[in-house]
Structure formats: structure tokens, C-alpha cells
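Please model the complete structure; the sequences and the hints are all you need to start from.
Listed below are the residues making up each chain.
Number of protein chains: 2
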Amino acid sequence: MNKYENVSMAVIRRLPKYYRYINELIEKDVSRISSYELSKLTGFTASQIRQDLNNFGGFGQQGYGYSVEVLKDELAKILGLDKGYSAIIVGAGNLGQAIANYRSFEDRGFRTLALFEKNPKLIGLKIRDIEIKDLDDIEKFTRENEIDIAIITTPKEQAQDVADKVVSCGIRAIWNFAPIDLKVDKDIIVENVDLNESLYTLSFLLKQNIK
Amino acid sequence: MNKYENVSMAVIRRLPKYYRYINELIEKDVSRISSYELSKLTGFTASQIRQDLNNFGGFGQQGYGYSVEVLKDELAKILGLDKGYSAIIVGAGNLGQAIANYRSFEDRGFRTLALFEKNPKLIGLKIRDIEIKDLDDIEKFTRENEIDIAIITTPKEQAQDVADKVVSCGIRAIWNFAPIDLKVDKDIIVENVDLNESLYTLSFLLKQNIK
DNA sequence: TAGATTGTTAATCGATTAACAATC
DNA sequence: TAGATTGTTAATCGATTAACAATC
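Residue numbers (the UniProt record's numbering), protein chains in the order written: chain A, 1 to 211; chain B, 1 to 211.
No lab work stands behind these hints: they were computed from the structure. Take the hints with a grain of salt, since some may be wrong.
Copies of the same chain look alike in the list, so a pair counts if it works inside one copy or between any two.
Only pairs whose alpha carbons sit at most 27 angstroms apart, straight line, appear in this in silico DSS-like list of lysine-lysine [as the list claims (entries may be wrong)]:
hint	residue 1	residue 2
1	Lys140	Lys77
2	Lys183	Lys77
3	Lys126	Lys156
4	Lys72	Lys183
5	Lys121	Lys83
This is the structure in C-alpha cells:
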């Protein structure tokens, strides 16, 4: 069942930012915060913050605000950071390696179990303690390990084939860094990181600014 | 002057996708396309496509559609891809190296002139033909070379300092990969690529899907 | 000319902001 | 209790979709 079916993507994409600032408050030993103070941190309006959070439950208390600790735990649960999702990275070039090296994902419960790569020069190497395996071993590996997420960091020419393969292996979620729109069943979750889109937007804004 | 001041960010962020599909059509030697056909490719509605493009000019022709060639050139101009913007990458870890290696940016006119790095083991190395220089040489380098964009791929602890430095060197646009909200003058353009936000969103959707 | 498809206005939908009663 | 701040409804704003006259 889809508990938060009616929550819009606009809301969901704000949650990570709330979560980040709440974690910063925890590091600073702040124990409570009002929507107004949180609005000054995040740049969202207090009204929006209250409405966003109320999509998921009444975490606050009138006259008091929100408990930072409670909010952190609730946001983590909402975002699924308590699930300990497992991942494989397909494509062990610089980008795949960068992600494998990125500690903050595992701090949030994500575990990268292996990288897969076509280039024989890379197969057998390790990134931290994560082995780079042969691309052809994906089927075998996914049979022996439960994998939740496939991270695709291959060149765009290979991305669709890789997507087809990991979906056929039963993986339900793809974090796609290749600049193409993957064609997959609609029950497969695809989250794209499109660097071209981001850079072109920057370029547009820069052009506007200079004129 | 800000020519397209009144155009919303929602529109702007769709332009790169139009541009990508238009380029695919060019590779397939398609010379004309209607908003309806483009809607099938991109997933946006035909109405939206016509309205989006009309923010920038009437590129189409009644009864005919859009010339693919014209649309490509116009989109490139709108996005500033004809400007040949120059960039430096600050942080020469895997992510910085991945971006330096990414050919498709220079195919669109972006030139990476140098990487900068603190780690002495990396200084002096080259990524393709791009040299990794000492972080302390940024001032000197920006005095001798006109740089439009700073790409920040350092750990988050250093990102704000780096931002301050590149802004003081006269750089007006930052492509930021560190998971923090940089504090800069409001006339400086910052485009963030927030991998945490993206992964958490995927995690949220995956959790919803599985339940 | 008839058919196709744009450019553009009007209608709808959804998201954000404002307001305030509820309540800690 | 009085003050503060939430949760939630209503008002506003903006973005998307529908419709159609203009025109190639």
C-alpha cells in the first residue's frame, strides 16, 4: 500500500533539505525548533514547512514547535533511510568510483555491495572494500544477494541495456546518471541525475546575468 | 539586460530535454517535427511545448511544425551553449575527474581549463590534457585566464571557503556538487547538484512502492 | 483550396501563502 | 493563565491544459 500516495513530488523533494538542516541542528545540540526558525534556515516559508510536515503526521506541538530529535527520526523513516537499502553500481569509471567512495550514503543506511564493469582492466580492483566485478556476473550476484537499487553510471550507449538487465534480475529501483530517459515498466522507479540539464540551466542563467 | 526575466524556472529546466531530443532527431536526419510528435518523445504535452517555446520566439510555422535545425540552433542560443563558457574544477577527486573526463560538456562548448586540488599527490597530474594545479594557485590562474564557471567538487567542509575564494576572484557562476547551501551574493549564480536529495527521493519512492 | 499545426487566450488545476482557531 | 506556535482551512498565485482563431 502506498501510504503517502497523495503527497506531491514538490513536497517530497523538499524533505531531504529539511532532513539535512535538522541533522545540522542535532550537531549543534539544538533540541527544538519552530517552523519560523526552520524557514530562516531553509528558505522555505514557515507555512509551507508546517503544511509539508503535516502530510506525514502532526510532529509538532502548539506553543512549542518541533522536537529536533523527533523530526530527524520521522524524516528518516519517511524517506526510507531506516531501511538499509542495498545497491550495486554498474559502470566503474570515475563517476561510479566517486559514488562508491561517497561515505555519506552509507551513513544514511545505503550499502553498496559491488561495482560492475566491462573494462577488464578494472575488474578485480577494489574501491574501498567494494569489489569491481565483471558486468556479466550481475545475474549471478543478484541471485545470491538481495539488491534494492541499481546505480547506472555507464556511458549513455550502454545505459538502456544495463537497465533492461537489472530489471530482469528483479531490481525495482534505478538511480540513473546516464543522460537518457530509460524505458522501463512503470512500476520500476527511476530517479535521474541529469548533469547536462543542470549545467545548461546554469549556462542559461549565466547568460541572462551577464547581458 | 535580462531578456527572459519573466520565464519561469519550470520552463527553463525543460529546455535541456527539448534540446537533447532535438539533437537525437538531427542524428536521425529528421528535418521537421510537430509539437504533437515532440510530446510523444518528451512526455510533455504538445500544448506545453508550444507555450514553452513561444516564451523565446515563434520558431514554428502553422501547418508545418518546427524545423529541427532551427530549433536546435535556437535552443542552443537560448541556453548559452554558443558562448563557449570556460570553467575550472575545484576538487580533483573522483567526481572532479569524472567531470573533467566528461566529453559531452565540451561538445556543447564548455571548456575546462584546469583542476585545483589540495592533495599534493594529485597536483601536477593531468586528466586528459587538463592539469591538476595547487588550490593556492586559483587567484593567479583566474587573473591570467577568464573563467566563467567554478565547478565545486570538494568535500562539503571546504565548499564554502572555495566558493568565497572563486567569487573573490571574479567568477560569477558556481556549479556546486557539495551538499550545502552556499552563501554567496545574490548576483552570483549557483546551480546545485544534490546527490543526497536525489538518492533520498529514490529511497522514498522505493519504500512507497514496496509496501 | 483544404488540412495541418502553430501561437495565444481562456479555463482548469495544483501548489503556495495567509489567516486563524485550537491547544500546548 | 498568557504567549507561542501548531494544524488546517481558505485565499491567492502560478503553472498546466484546453480550445480555437490565425495562417502556412
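Structure-based check of all given hints:
1. When the C-alpha separation of Lys140 and Lys77 is checked against a cutoff of 27 angstroms, the pair qualifies neither within a copy, at 31 angstroms, nor between copies, at 48 angstroms.
2. In this homomeric assembly, Lys183 and Lys77 never come within 27 angstroms of each other (Cα to Cα): the closest approach is 30 angstroms inside a single copy and 30 angstroms across copies.
3. In this assembly of identical chains, the alpha carbons of Lys126 and Lys156 lie at most 27 angstroms apart whether taken from the same copy (24 angstroms) or from different copies (25 angstroms).
4. Only between protomers do Lys72 and Lys183 lie at most 27 angstroms apart by alpha-carbon distance; the minimum there is 24 angstroms, versus 35 angstroms within a single protomer.
5. For a Cα distance limit of 27 angstroms, the shortest separation of Lys121 from Lys83 qualifies neither inside one copy, at 34 angstroms, nor across copies, at 38 angstroms.
The structure shown violates the earlier hints numbered 1, 2 and 5.
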